[in-house]
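Protein chains: 2
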Amino acid sequence: MKAYCEGMELSNAVMTVIKATSTKTTNPILEGIKLKAEDEYITLTATDGELAIEKKIVADVKLAGEIVVPGKLFSEFVRKLSTEQIQLILDEKNQLRIKYTDSELFIQCQSASEFPSIKQIENAQFFEIKQADLKDIIDRTIFSVATDDTRPVLKGCLLEQDKNTLTSVALDGFRLAIAKKSIKECSAESSIIVPARSLSEMSKLLNEPDETIRVLIERNYMMIVVGGTKIVTRCLGTKEDFINYKQIIPANFASTVTVAKSQLLNALERASILSHVGGDNSVKYVITGNVMQVVAKSEAGMVTENITISNAGEDLNIAFNISFFMDCLRNIASDYVMLKFNGQVNPCFIVPNENSEEYTYLVSPIRQVY
Amino acid sequence: MKAYCEGMELSNAVMTVIKATSTKTTNPILEGIKLKAEDEYITLTATDGELAIEKKIVADVKLAGEIVVPGKLFSEFVRKLSTEQIQLILDEKNQLRIKYTDSELFIQCQSASEFPSIKQIENAQFFEIKQADLKDIIDRTIFSVATDDTRPVLKGCLLEQDKNTLTSVALDGFRLAIAKKSIKECSAESSIIVPARSLSEMSKLLNEPDETIRVLIERNYMMIVVGGTKIVTRCLGTKEDFINYKQIIPANFASTVTVAKSQLLNALERASILSHVGGDNSVKYVITGNVMQVVAKSEAGMVTENITISNAGEDLNIAFNISFFMDCLRNIASDYVMLKFNGQVNPCFIVPNENSEEYTYLVSPIRQVY
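Heads up: the protein sequence lines correspond to chains A and B, in order.
The first sequence begins at 1 in the numbering used here and counts up by one.
The second sequence begins at 1 in the numbering used here and counts up by one.
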């Protein structure tokens, strides 16, 4: 390999693909970035075996070739060369020579033959959606995925799409998040469970809110191309492998509380300080008429906040994990939220007052200790 | 105690004094903040036994009293009340009740009788200096203090002051930093070794560059009052307890290299990436005529950068701890620096080209491994 390129372009491409490298792996090649010089391009690829990110940059290629560079070292170094013109020269001993101004770096690399091949998506079905909408439903559900390995499918979001709507669902057994947005076009209906890490990296690249993005799905793989960057991910199954979340949502509620979101969130933030210091992370709501008392207690003290609400239904006394409840509220944009309860032992449903069909959150109550 | 105050004022005062609380202590009262309501003020005090910070805020005191609140909990809570009017009420069981809007927090507190008394400085000698100048000499030397406990006096900066000049000196056996600035006025000459942590907190409060500050010294204590905040620190001794640093500086040098600071720093930053990955944190300078080659090597590869210099003196081949060298360069503002050498085994002196009498850094060489 012998190629010339601009430091700034190389640096940007490296920063993009490096997010797919693996940091905790027994296979060191997954910590690397594959550079492939061919025709008028250098193609950079990184993968952790599940997620793959690929980006091409323009280069003056004198001699084609490919090699895997150590990801962290290469990215840190290249970031400091963003103003320079760079020459990459590979020798026979897998040493890459990086020349810039009149200085140079040699780095020991690995052969590209060991690097896993990236799934090619060819005869895929697809749907199209506004970038902002895809980013929105990812960001507003991903925090509810399971983080342990007991049920691997719960470590992803279920993306379910019909002719009109894309729905993202995440749940971990204690809470559930559902977000919906309209799609623009599609070739067929689809459902696929996408690992949270892959969705998180995709979301970060969706930086053109008004642009439309095409999401391609082929058997157990999903792919998007955004700003010249190709992202492919292996998936965890389809809706048949997921929990049938629709049956969890009841038709009627015994209490429906409407409350100013920021007031409740501020009260919970103060309560959480106490709840986290020698407490059990819980918060209790005591709903009596049009007042909801937010109570947290720990060995350090006790906080009581009174919030004015409107309540269509029964009075109630119920406790929750305070962090789970705050996570949901933080993902709601509207000024008021509705909290829907069916007594002390059933989950609370949280929906925004505006666009209430777009978001639904559920949090299971916990046993009251005070 | 019963007092009313503004949340914003209380919050700001808590954020200021909390920096003196101890976070790793066997004495829990040092994790607290003492509140004392008296006359028209609440006085907040925190100390770790060495450093003490005290700040008064205006309050409507209905009933005088004092108590020690848990520092972290109180500060986090009060920060979220900055827009409220706050009422503080102490009961007989050392419980502090904090009322805001129609909500309230109870926290369990400790009796103020256990709280250490803060040294009162009365018949002190003093000197006066521009805030910017005091901050400058602290910030440009403090990074060189020793971090281990082998020689406790080296964990502070020696502040030595005569009729005209204040000098700050820090050294850890591998490197030395000296910074000087003119003073405005003084009552006598002084020298005192101030713990690095105390100086660091003082530096952060010196936010009025053009104002003059009075530094008070009484036996083994130093005090400043800045923006209504009183900071008192116990000290580690005087110049008699410190190392006689003046004898380290030779009159003549075998090589005097002048180099563009940012060019050398950029080269070192790139080299350090390699030097930190499986390397030994070293960098080698090969000085031949008017070229200085900066070389770093590790199992990951090798970097060679060529920098044009002017050299009055001998060629040289010498190695350093790369982080120590970068620390010094980062603390120099001028565009060019002079590196002064006396062969391969003696320390390198680094001085700026401009205001060269104000700053001197020294770094000891290390054994060359390549």
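Check the hints yourself; a few may be wrong.
Identical copies look the same in the list; a pair holds intra-copy or inter-copy alike.
[Unchecked claim] 20 angstroms max Cα-Cα, derived DMTMM-like pairs, lysine to aspartate or glutamate:
1) K2 to E122
2) K261 to E84
3) K239 to E122
4) K230 to E122
5) K246 to E6
6) K204 to E104
7) K119 to E66
8) K119 to D335
9) K62 to E189
10) K99 to E314
11) K297 to D91
12) K99 to E218
13) K184 to E92
14) K261 to E299
15) K93 to E299
16) K62 to E201
17) K72 to E299
18) K62 to E357
19) K2 to D102
20) K297 to D102
21) K130 to E31
22) K297 to E201
23) K72 to E269
24) K80 to E269
25) K80 to D327
26) K155 to D327
27) K19 to E354
28) K181 to E31
Just so you know, these hints were derived from the structure itself, not from any lab.
Outcome of the hint check:
1. Neither within a single protomer nor between protomers do K2 and E122 lie at most 20 angstroms apart by alpha-carbon distance, with minima of 31 angstroms and 74 angstroms respectively.
2. Taking the closest pair of Cα atoms, K261 and E84 come within 20 angstroms of each other only across two copies (19 angstroms); inside a single copy the shortest separation is 50 angstroms, beyond that limit.
3. Neither within a single protomer nor between protomers do K239 and E122 lie at most 20 angstroms apart by alpha-carbon distance, with minima of 23 angstroms and 77 angstroms respectively.
4. Proximity of K230 to E122 under the C-alpha cut-off of 20 angstroms is restricted to the intra-copy arrangement: shortest distance 13 angstroms within a copy versus 71 angstroms between copies.
5. Taking the shortest alpha-carbon separations for K246 and E6, neither the intra-copy value of 52 angstroms nor the inter-copy value of 50 angstroms comes in at or below 20 angstroms.
6. With identical chains, the CA atoms of K204 and E104 are never at most 20 angstroms apart, being 33 angstroms at best within one copy and 41 angstroms at best between copies.
7. Taking the closest pair of Cα atoms, K119 and E66 come within 20 angstroms of each other only inside a single copy of the chain (18 angstroms); across copies the shortest separation is 69 angstroms, beyond that limit.
8. In this assembly of identical chains, the alpha carbons of K119 and D335 never lie at most 20 angstroms apart, being 44 angstroms within a copy and 52 angstroms across copies at closest.
9. Proximity of K62 to E189 under the C-alpha cut-off of 20 angstroms is found in neither arrangement, the shortest distances being 46 angstroms within a copy and 70 angstroms between copies.
10. Taking the shortest alpha-carbon separations for K99 and E314, neither the intra-copy value of 74 angstroms nor the inter-copy value of 29 angstroms comes in at or below 20 angstroms.
11. For a Cα distance limit of 20 angstroms, the shortest separation of K297 from D91 across copies, 18 angstroms, qualifies, whereas the shortest one inside one copy, 66 angstroms, does not.
12. For the homomeric pair K99 and E218, neither the shortest alpha-carbon distance inside one copy (41 angstroms) nor that between copies (60 angstroms) is at most 20 angstroms.
13. For the identical chains of this complex, K184 and E92 are neighbours neither inside a copy (51 angstroms) nor across copies (67 angstroms), given an alpha-carbon limit of 20 angstroms.
14. In the homo-oligomer, the alpha carbons of K261 and E299 never lie at most 20 angstroms apart, since the shortest distance is 28 angstroms inside one protomer and 55 angstroms across protomers.
15. In this assembly of identical chains, the alpha carbons of K93 and E299 lie at most 20 angstroms apart only when taken from different copies (14 angstroms versus 64 angstroms within one copy).
16. Taking the closest pair of Cα atoms, K62 and E201 never come within 20 angstroms of each other, the shortest separation being 33 angstroms inside a single copy and 57 angstroms across copies.
17. For a Cα distance limit of 20 angstroms, the shortest separation of K72 from E299 across copies, 14 angstroms, qualifies, whereas the shortest one inside one copy, 45 angstroms, does not.
18. In the homo-oligomer, the alpha carbons of K62 and E357 never lie at most 20 angstroms apart, since the shortest distance is 57 angstroms inside one protomer and 53 angstroms across protomers.
19. In this assembly of identical chains, the alpha carbons of K2 and D102 lie at most 20 angstroms apart only when taken from the same copy (17 angstroms versus 72 angstroms across copies).
20. Taking the closest pair of Cα atoms, K297 and D102 come within 20 angstroms of each other only across two copies (18 angstroms); inside a single copy the shortest separation is 65 angstroms, beyond that limit.
21. Proximity of K130 to E31 under the C-alpha cut-off of 20 angstroms is found in neither arrangement, the shortest distances being 33 angstroms within a copy and 52 angstroms between copies.
22. For the homomeric pair K297 and E201, neither the shortest alpha-carbon distance inside one copy (38 angstroms) nor that between copies (34 angstroms) is at most 20 angstroms.
23. Taking CA atoms no more than 20 angstroms apart as the test, K72 paired with E269 passes between copies only; the shortest distance there is 15 angstroms, against 37 angstroms inside one copy.
24. Taking CA atoms no more than 20 angstroms apart as the test, K80 paired with E269 passes between copies only; the shortest distance there is 8 angstroms, against 40 angstroms inside one copy.
25. In the homo-oligomer, the alpha carbons of K80 and D327 lie at most 20 angstroms apart only across protomers (18 angstroms), although the nearest pairing inside one protomer, at 37 angstroms, exceeds that limit.
26. For the homomeric pair K155 and D327, the shortest alpha-carbon distance inside one copy (17 angstroms) is at most 20 angstroms, but the shortest distance between copies (44 angstroms) is not.
27. Proximity of K19 to E354 under the C-alpha cut-off of 20 angstroms is found in neither arrangement, the shortest distances being 36 angstroms within a copy and 44 angstroms between copies.
28. Taking the closest pair of Cα atoms, K181 and E31 never come within 20 angstroms of each other, the shortest separation being 36 angstroms inside a single copy and 50 angstroms across copies.
When the structure is compared with the earlier hints, violations turn up for hints 1, 3, 5, 6, 8, 9, 10, 12, 13, 14, 16, 18, 21, 22, 27 and 28 and for no others.
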